[in-house]
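Chemist: Listed below are the residues making up each chain.
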Amino acid sequence: MDKALLEIRELECVRGDKQLFKGLSFSLGAGSLLHVHGPNGSGKTTLLRAIAGLVLQESGEICWNGEQISRQKDEFNRELLYLGHHYGLKFELTGYENLKVFANLSGSDISEHEVEAALMRFGLAHCVELPVKVLSQGQKRRVALARLLLQPSKLWILDEPFVALDAAAVELLLDVIKAHVAAGGMVILTTHQEVAVEVGSLQHLHLGQAQPAQTSQAAVAEQH
Amino acid sequence: MLATLRCMVMRDLTLAMRHRSDVLTTVFFFIIVVSLFPLGVGPEAALLKEMAAGVVWVAALLASMLSLTRLFADDYNDGTLEQLLLVPQPLSLIVLGKVLAHWIISGLPLVVMSPLLGLQFGLEGDELMMLMVTLLLGTPVLSLLGAIGAALTLGLRGGGVLVSLLVLPLYIPVLIFGAGAVTASAAGMGADGHLSLMGAILLLALVLAPWASAAALRISVE
Amino acid sequence: MFNLFKYASPASFYPLAGRLAMGFGIASVILLVIGLYMSFFVAPTDYKQGEGYRIMFIHVPAAWMSMLIYVVMACWAAAGMIWHTRLSSMMASSLAPTGAMFTFIALWTGALWGKPMWGAWWVWDARLTSELILLFLYVGFMALESAIDDPRRAARASGLLALVGVINVPIIYYSVQWWNTLHQGSSIKVVDGGVETSMSEIMVWTLLVMTFACWFYTIAVALTRVRSIILERESGASWVKALLQERKS
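Chains as they are written, first to last, in this note's numbering: chain A, 8 to 231; chain B, 5 to 226; chain C, 423 to 671.
Read the hints as simulated data drawn from the structure, not as lab findings. Note that beta-carbon positions come from the ideal geometry of N, C-alpha and C, so glycine has one too. Heads up, none of these hints are tricks.
Beta-carbon label-pair distances, calculated as ranges: (1) A:ALA175 x C:SER650: 56 to 62 angstroms; (2) C:GLY658 x A:GLY114: 41 to 47 angstroms; (3) C:LEU665 x B:ARG161: 32 to 38 angstroms; (4) C:MET444 x A:GLN26: 31 to 37 angstroms; (5) B:ARG161 x C:THR603: 39 to 45 angstroms; (6) B:ARG161 x C:ILE589: 26 to 32 angstroms; (7) A:GLU74 x B:LEU6: 24 to 30 angstroms; (8) B:VAL211 x C:THR467: 48 to 54 angstroms; (9) C:THR603 x B:GLU54: 15 to 21 angstroms; (10) B:LEU66 x C:ILE589: 21 to 27 angstroms; (11) A:GLN26 x B:ARG24: 47 to 53 angstroms; (12) C:GLY658 x A:VAL177: 38 to 44 angstroms; (13) B:GLY162 x C:SER650: 22 to 28 angstroms; (14) C:ARG441 x A:GLN26: 25 to 31 angstroms.
Covered, in the sense of this in silico footprint (three residues per stretch, anywhere, with C-beta under 8 angstroms from a C-beta of chain B), are these stretches of chain A: (15) 57 to 68; (16) 83 to 89; (17) 98 to 107; (18) 111 to 124.
Given these sequences and hints, build the entire structure.
Modeler: Below is the structure:
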């Protein structure tokens, strides 16, 4: 790990009246993966959304390349791919149309062929022409995940990416994540499933429970 | 920049084309509201002619407001809105694209339908023309201002009623100048002043409203 | 007024607000008593409108306050958005109900004044109509704020709405005025009530005293309201818990 690209300093997030965490600091360099653990309601999703810039933090800083992300939204968004609980797909559009919109808005163009290849990689043949609404939950998730292969982003933020996937697809996604990290990418993910995420530089972050009385020190990043 | 705009407009238009009935609902709402007035006030031709511009404009206000709730709500519910917030483009541009598509779907049909409704109320030649022109200038303002209200009330219970409370007072200047222009031209006073003021309002809304809606969306998606 | 940034934190502002509210409250009661005495017993009978004009001493300050409060509210909202100070948005939301109340009073007294003057309870006069629209804007602000559960989102969303509203207020005002002059023929010709032209000096003084009474009342009420908003939103904070402990014992 040469240099920390993503740096979180003294982060505090509040949801409603509840303080989720406070004084959270860690950094993440190229080619590493951060696995965020914690029980329900401990603020995993909020942390991920705060890093993506969707949630405004109460205090603290989130820096990318040494500058706060709120000051460089466009540059940061170019490097970011966030996949949340929702699929982020329009059910009336086909898989190809869905993926093409986001590719275009990110400034790149993709051909039907590339989309097909990406969907094939996730085990979805012949779904390019079908509207997303006719696909099953797992298949929809796969279409959403195909963006990982189609958009060149450095930082992936994946909130429960393994939900609704079958064993084979979980393996596939793990391979994709490993390849991304090996190529110098960065991944932040949460999962409740027992998935063995083993890559080069792995960090764990535990939110909540550690010291139940005091959330301020509850966040401990340990290095493996 | 233009590519982004085009991409957003095409996306929303494609989506609307796959839900054609939604578009028709707005237009029929507009027609029904306008048709209710003669039933309420009686079929006296002179009275109807005097009311025509105001009635058509108020109905346009209501119809455009009715379709507002869907402007961001669908994208919000399936998570595409948060993805749109994360693309490396200015959010106000994305919003502008969506508003433009919304106007094409819900505003433009009203403009096209308006002469027909004007005829029902006994308007003639120049007045019909003026009604169309004012609606052409005014309905984009309705979509632009409405987007702010739609963005602010995103995901709230009773959002549809709330949006009308927020947005209708802001619509008043457009209503006054729009209906006023038709009345003025019917009275032979010339409506250039009205039209240029409407143009000014349109420009102002075009500059400020996407920015305000973008800020509102960031607040609401959180 | 006072060092804003020192008192930008709710914890240090809370006790100060209490003292200020008390002071302004007392001042407003005193001024109100003097002002009402002057309006009813000192100010002379108007040669044109007789005794009925005396409602002006409530109507005019209320109308002024209703407009001013909206602008002040928008300024607080803007400050809250720029510096992300929680207190600013709390101030904005604490002003809204008072502003709506003054708007309502202005409308109501306007109607009462209108009956003897114009012979109708309601006239679509430019100023009354603008006041009515202002009431709609206040109601929209409060409705949006109460519809959002998360207090942070509520503060930011309603703040943005106040800003949008304040940009629109002049446009609405001038369009209503234009509309009114255009339709002058069909509506009743509005006489100015002789307020600006034939007002005696004592009337001006009465009006000023009443206006200051309303000002101080607004400040006192807003500060009292902001104190309870602070307690509500900061209920988890340690200083609030300490305060409550103190009160109990």
